[in-house]
Each structure stands twice: as structure tokens, then as C-alpha cells.
Amino acid sequence: MLFPGVDLSSRKLELHGDTDLLLMYTLKKVQYLQNAIAELQTVRELKINRAIECHDEKAIIDAKVEETIKRESLHKELEFQKRSLAIQAEANRRMKEQLKKQFEIQQEVLQDKLKAKDKEVLSKFNKAVSEEVEKERVVFKKDMAAMAGKLMAIEQTLKSKIILYTL
-9 MLFPGVDLSS RKLELHGDTD LLLMYTLKKV QYLQNAIAEL QTVRELKINR
41 AIECHDEKAI IDAKVEETIK RESLHKELEF QKRSLAIQAE ANRRMKEQLK
91 KQFEIQQEVL QDKLKAKDKE VLSKFNKAVS EEVEKERVVF KKDMAAMAGK
141 LMAIEQTLKS KIILYTL
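If you use the numbering used here, the sequence shown closes out at 157, no skipped numbers anywhere.
Possibly wrong hints are sitting among the right ones.
[Stated by the list, open to error] In silico EDC-like pairs for lysine to aspartate or glutamate, Cα to Cα no more than 20 Å straight-line:
1. 109 <-> 126
2. 60 <-> 29
3. 37 <-> 47
Read the hints as simulated data drawn from the structure, not as lab findings.
Here the structure is a predicted model, which means the values were calculated and not measured.
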């Protein structure tokens, strides 16, 4: 069945909820075609009945052959539609799978790029921090050397004053 839950043979179409315009158009088209088929079947039956009433063997045979051909044609058309719908459904399923795989691969690539960018930023940050620490260490060493020099000078001064006072 093309539309599950929808009775296409009913005269009044009943759809509940939000209906799609394409679905409505398709359903109306299906109903129109079903009516056309019913009309053609009625015309064929009338031809056969007239041929039987006229007792015209050739007309009866022609009508029966025409009916058989139409029936076979309709049967083949229905089979074709079913197969084409099945093929289309399979193609849609495969396409969805491929899109899903492609999305997953894209997500993995984006995650890898994000991790690489994160590592790069972290590396730059660590480098900047270590450079800043090195600068501060150099400044600290200078300050410590200056203090050590001052302490030595103070110590020398104290030693010289102690020597002067002891004499």
C-alpha cells in the first residue's frame, strides 16, 4: 500500500494532523486515476455485453482480448510501480546510511582538527608561559646578584668597621 492508514477507495478523504501539500496532491491524483480505471473497466464491460447481445463472435473476441490486454497491462504496471518503489526505498535507505557515515566521518575529522588546534594552542600557551618564567628567572637572578653584591659590600663595611673599632 502506498499510503498506510489512508483509505484511497473512500469517496471522502480524511487526513488528520498536519498534512503535506505534496501528499494531498498525490492522493487526489491517485483517486482521479482510480476513477479513470473504474470508468474504463465499465466501458469494456459494456462493449462485451453489447457484443454478446449482438451475437457477434468477432466483437466478443476483440472485446475479451482487449480486456485481457488491459488487465495484463495494468497488472504489469502495478508490478513495475511496486518494484520501482522498492528500488527507490532501498536507494533512499542507502543514501541515508551514506549520509550518516559521511556525517560521522566529518565529525571525526572535525574532532581531530579540534584536538590538533587545542594541542597547538596549549603548546603556544606553555611556550609563552615558559618564556615569561625564564624572563622572570633572569630578572630574579639579576636582583639576587645585586642583593648579593650589596650584602657583600655591607659585610665588607661591617668587617672594616669592626677592625677599626677593635684597634
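Fill in: Structure versus earlier hints, numbers of those that do not hold, lowest first
Violated: hint 1 alone.
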